[in-house]
Structures are given as structure tokens and as C-alpha cells.
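Engineer: Put chain F on the given structure of chain C with help from the hints.
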Amino acid sequence: MQELVAALPLSPVTLVLLFPAIAIPVLVAISNYRLSAGLNVLFSGLTLLAGVLLLAAPRIRGDFLIIDDFNIFLIVLTAFVGFTTSVYSASYIGHELETGKLTPTFLRFYHAMYQAMMGAMNLALVSNNIGLMWVGLEVATLATVMMVGIYRTPEAIEAAWKYFILGSVGIGLAFFGTILIYMVSSSVIGSGVPAMAWDEIVAHAGQLDPKLLSLAFVFLLVGYGTKVGLAPFHAWLPDAHAEGPTPISAVLSGLLLNVALYALLRFKMVLAGNPFAIDAGAILMTLGLVSLLFAAFMLYRRRDIKRLFAYSSIEHMGIATFAFGIGGPLANFAGLLHMTMHSLVKSAIFFAVGHVAQAKGTQRLADISGLSTTHPALAVGFALGVIAIVGLPPFGVFMSEFLLVSTAFSRQPILTVLLVLGLLLALGALLLRLQDVMFGVPRGKSEPVKASFVPLFVHLLIALVAGLWLPEALVRWFRGVAALLG
Amino acid sequence: MSPLWFDIAHLFAAGVLVLSLMLLYQDRITAVINVFALQAVVLSLSVGWQSIVQGAPHLLATAFIALIAKGIIIPTALHRIVRKLDVHREVERVVSGGLTMLAGLALVALSILLVQPVVETADPVAREDFAFALAVVLLGLLLMITRRNAVTQVVGFMSLENGLILAATGARGMPLVVEVSVAFSVLIAFIVFGVFVFRIRERFDTVDVNVLERFRGERREHL
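The listed protein sequences derive, respectively, from chains C and F. According to UniProt numbering, the first sequence is numbered sequentially starting from 1. According to UniProt numbering, the second sequence is numbered sequentially starting from 1.
Read the hints as simulated data drawn from the structure, not as lab findings. Treat the hints with care, since some could be wrong.
[Said to hold, decoys possible] Restraint-style ranges between C-beta atoms, simulated for each label pair: (1) F:R83 <-> C:T99: 34 to 44 Å; (2) F:A31 <-> C:P232: 43 to 53 Å; (3) C:P275 <-> F:I8: 57 to 67 Å; (4) C:L461 <-> F:G173: 48 to 58 Å; (5) F:R83 <-> C:G361: 35 to 45 Å; (6) F:P57 <-> C:I60: 29 to 39 Å; (7) C:P275 <-> F:A14: 31 to 41 Å; (8) C:D436 <-> F:I72: 29 to 39 Å; (9) F:G173 <-> C:I60: 49 to 59 Å; (10) C:Q207 <-> F:N34: 39 to 49 Å; (11) F:N34 <-> C:L424: 30 to 40 Å; (12) C:S446 <-> F:A31: 55 to 65 Å.
[Stated by the list, open to error] Among chain F residues calculated to face chain C with C-beta under 7 Å, some are: (13) A103; (14) A106; (15) V137; (16) L160; (17) L164; (18) A168; (19) G173; (20) M174.
[What the hints assert, rightly or not] Chain C regions said to be covered by chain F (calculated; three or more residues, Cβ under 8 Å): (21) 162 to 175; (22) 472 to 482.
Quick caveat: nothing in here was measured; it's all calculated off a predicted structure. We put the CB at the ideal spot given by N, CA and C, even for glycine.
If we strip away everything but chain C, and leave its shape as in the complex, we get (with noise of 0.2 Å):
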């Protein structure tokens, strides 16, 4: 494997931001759909590819990229459900067509918009330089806009204004902590590139100045952490999801938190290493805790099946968030495998939900039931995913939130309390949902679904592997990158 990437000619974290980049010129220029959707599973199969290839390749540490075990783990994960939601969307869309959402002018742009979205999030996540990273998650959040808004309903653009204005504020609040921390880290290694290099500002983070670290770590919690959906600032993202296409809910509760927390756990490790700066960890597991409970009790009153998941999402980032707040080996390796098995399960279910709004016709709850009688496979598909989230054994999920509150109860056992509370709030809400949904009786259209269940099957599969067994290697793996984070 390592001759394999040797005898590359370009290296492999060049390749992860160079196919999305081709891509794009290439998915514009195509009218045929079939065959834009076809280029689109292609392009993020090699992006998958050669996300794996990265696994055998020296880790690097330049001034504008790194790569180390925290974010190859997520590059791999981030091009895996790229590249099966593509599948899902080659056969999702052709649906949208037929009904008319959509037109072909509007796919061709769709298609480009996604490998964007890709490229944007790897580039936020092999950048080492602060600015590039912060670049990266502004395309990205750009990019996710524009197709929140495909679909030009009212709702849609509702939606994405929303969107666009909280998470441009975000961002733009965001870009003013990394301003900050250049500032603080400029003063210390020199002015000029290096000053803005993560892995040199956390080398020299003991000496930086505490206050000024502070004071840019509130600017880039409140602004990356809206972009992880963390409550007070997750307003954006019940209606981003409901609106949008299915594949990009997918990818945005996948793929697009995951990455903006995992910028924010970049800051956190230079808050770490400076002993008299503010303690992120208690903001952190603060913010969590407030999602979490938040996002529960907030899915009782859902009527909308896609809002329904996406106050689901917050409330998960809520736990990982909360697991990086404690800290230590043991919660780092519960969030870390909670990031993942969320990502993989959460992706699943929006296939699932996708498949029964096209089937229905429609998203509103009350309008969705009695899907064991009409649609038998994808109940099941449905039921396991809903099962996998709440935290049900035997799935990942049930593993991580376990790892959690058996270590959270030995280093916080009071918010621990709050945490299983939140925890079987959402338990409830959503089994409560689960039963009309399968069990009550058929109502409204029903129409068979054409697509296939290949890449919903194949998330629940590996979130049911990873609840039963992980790899010995897997394990060691997320030791040692829970250990870096501290």
C-alpha cells in the first residue's frame, strides 16, 4: 500500500481537494442528468478513494496543510457518506424531476454545488493554516445555501435566507476570533505565515497572551458553534433541513456539523495547552448540555418529519459537544465515536425520511403512517435507523452515549443527571413518532419507491458492526487521537 502511494504522482491530500475541484467545471458543463448524477458518484468515489489512500501516506505538517490522526479519521468519514449520498441522490433526484421540483438547469448547478460543498469541507479540514480552514467552512456554508434554496418554494427561500444571514454572522464572527488569535500568536512566533499555522500556535501556546485567547476563543465558539447548531445559535438549521433537498440535509447533519465542530475542537487544544486561559472544556460542556436538553424537549412538538431529525441533530451535537467538554481519554473516545456513529446513522435516517416524503408526498407527520403495511423494506430501513439514534443497543450509537455517561458520572455526576434526562426525553419523542409512523393506520397517497436502499442498508450495517465490535486497530486509533485532543 505504501509503494502504491509512493508511486503517485500527486499525494493523496492533494488528490482529496483536486477531484472535487475538477469536478466542479466539469458537473456545469453537462445537461444530460443521468450522466451528470453518473460523473457525480464517480468524482466522489475517487475523492473516497483517495481519502483512503491518505491511511497509508505520511502524515504532513506544512504551513498550510496537515494532516494527523484527528482529521484523517474524518476525511475518510466525510468522502464515505459524500460518496454514498451521491448514490442516494442519482436515484432521489431522477424522482424530483419526474414530479417537476426540479428542472435540468437547476440539476446541473445542483451537482456542482455538492462537489463544491465536498472540496470545501476537505480544504477546512487539511488546512493547518487558521484562515484557510476558516475559508474552507465559509465556501461550504456558501455552497449549502445555494441548494437549501433549489427548490425556489417560499419555504425554500425562507430557509435559506435564514441560513445565509445566521450563518454569514456566524462566520464573519468566527473569521474575527482568527484575526484575534493571529494577533495574540504574531505577538510570540513573528509576523507572516507561520503565525497563523495551527500546529506552531498550539506548539506555542503556554506562552501566548491568556486574556487575548480568551477573548478570541468567545469569538470563534460563538461563531463556528453556530455552524455546529449548538442552542442558543442553531435557529438556521430546523428550517435548512426541512427545506432543502434530502441529500443535503444528509450531508449538512453528516458531514457539515461535524466539520465545524471539529474546528472548533482545533481552538480548544490551544485553549488546553495555555494554563491561564478561560477553561473551553466548561463552556463547551455548558453549550452541550443546553443543546441537548434544548433540541428534547423541542421534538415533542415537531410536525414536520425532516425537522423532526434535525432537532435530532442538535440535540447529538449536543452530546458530542458535552463529551468534549469533559475531556480526558475516556469521553474524547465516546465523542469521537459519537461524531462517527452519528454522522453514518443520521445520514441513514434522512435517506430513509427522503424515500417516505417521496412515497407520501409529503413531510407533515400527521400525513405519515402505516408504513409497515405500505412500504415493508423501507419501515424496516426506517425503524432500525430511528432505533440506531435514540441510542438503543446494539448499535454504535448505544456504545458511545454508554461510554459517556458511565465516564460522565465519575468526573460530573450532576450534569450527568441532566444528561441521561435529556437523553431519554429524546428516547421518547422519538419512539413516540416511530410508532404513528409504522403502526398507525395508512392515510393520505402512497406510491411504490423506485430507489434503491443500498446506501441506507449499508450505514445501518456499519453502525450495527461498530455497536457489536470495533477493530482492535479502529480502537487504538481513536485512543491515541482522543488522547491528542486532551
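Structural biologist: Same frame as chain C, but now just chain F:
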């Protein structure tokens, strides 16, 4: 550094801030756009001066981008949009002017109080600039919150970006990579905004965001 140089840097940065405050009480859309254009010009002067003071020629490029893109091209385009949509005579406000101004002044005081004691280590030019920049960012936010018109919200966002550029140039020797990308992102932002403004017009015959809010997904259920 001689006090005069310092004072001039101060003057320009404060000019950007004053124009931000002026934006708050403009009630005509055309006036909002004009004040924004003026702010971009003052910003480019400030950036240009920083480039001389810091001996950093690459900042001249940033100043030039700010002047051309935000001082000329974007305001011209916005004027055209506004005329096309026939909203150039519109007057709009949510919170009364006096209250908005008071809130704006409070934000300026807040940012000075926040930044001054914290940024002791940095050189004085950077410190003053930074307080101003933060104030401009917060005032941009305030403008976006208090106005309901899509075009004014665009201007609020871009004025927020002006504050970011002011901060970025105040930080000595910040690499050009970032500045170019900021200009780039403003451009994208503008395209997106343009697209939305037109789509909003197409659908509802107005650029008033209040109309949009009737279409919030779940609210329909309660009607």
C-alpha cells in the same frame, strides 16, 4: 512612530466607525447604499495608510480591492437593483431611530471597554484599530437585526465585512492569503444576495423580509 502618523491612522479607522453609525439612521434605501459606498472609500484609505505605516505594500492590493469592489461596483449594482425593483423611495424601520442610535453607542462603548484592557501587549495602533473594528462589526450586526429590507440587510452584512477587513489590516503582517479570500467571499456573498433579492422579488413583489416570514415551514400549521 511619530504621533501624526498614529493620529491619521486613528482618524481613518474612526471615520469608518462614524459612517457605520450613520448607516443606522438612514431611512431611504438609496441613502443607505451611498453611505456604505463612502464607508468603503474611507476603509480603503485606512488600509492604504496602514500599508504605508507598516511598510507592507501588499496591503495596497487590499485597499484597491475595497475601493473598486465595495466603493464602486457593488453600490452601483445595488442602485440598479433598487431602481429595477422600484423600491428606491421606500422608507423602512423597525425600532425608532433614537433607540437604534443609543443601542449603537452602547455597542461602541462595549467594544472599547472589551478590547482596550485586553489587548495591552499589542502596539497602540493595532489596539485602537481593533476596538473600532469590533464596533463596526457589531454595528453591522445591529443594522441587520433592526432592518427588515433585504437590500439593507445586504448592506449591513457588507459593513460587517468592512469591520473584519479593518481588523485584519490592523494586525501587523497578516498574510495576504486571508485578505484575498475575504474579498473573494464578499464577492460570493454578493452574488448569493443578488440571487435571493431577485427570487424574493419574483415570488412576492417586495423585498420586505417580513413577507417571507409568513412562509416559515411550521407556522402554517397554526393559522
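Engineer: If a hint holds in the structure, say so; if it doesn't, say that too.
Structural biologist: Do the hints match the structure? See the list:
no.	hint	in the structure
1	F:R83 <-> C:T99: 34 to 44 Å	38 Å, holds
2	F:A31 <-> C:P232: 43 to 53 Å	34 Å, violated
3	C:P275 <-> F:I8: 57 to 67 Å	40 Å, violated
4	C:L461 <-> F:G173: 48 to 58 Å	52 Å, holds
5	F:R83 <-> C:G361: 35 to 45 Å	42 Å, holds
6	F:P57 <-> C:I60: 29 to 39 Å	31 Å, holds
7	C:P275 <-> F:A14: 31 to 41 Å	37 Å, holds
8	C:D436 <-> F:I72: 29 to 39 Å	58 Å, violated
9	F:G173 <-> C:I60: 49 to 59 Å	25 Å, violated
10	C:Q207 <-> F:N34: 39 to 49 Å	47 Å, holds
11	F:N34 <-> C:L424: 30 to 40 Å	57 Å, violated
12	C:S446 <-> F:A31: 55 to 65 Å	56 Å, holds
13	A103	16 Å, violated
14	A106	18 Å, violated
15	V137	6 Å, holds
16	L160	5 Å, holds
17	L164	5 Å, holds
18	A168	5 Å, holds
19	G173	3 Å, holds
20	M174	6 Å, holds
21	162 to 175	holds (count 7)
22	472 to 482	violated (count 0)
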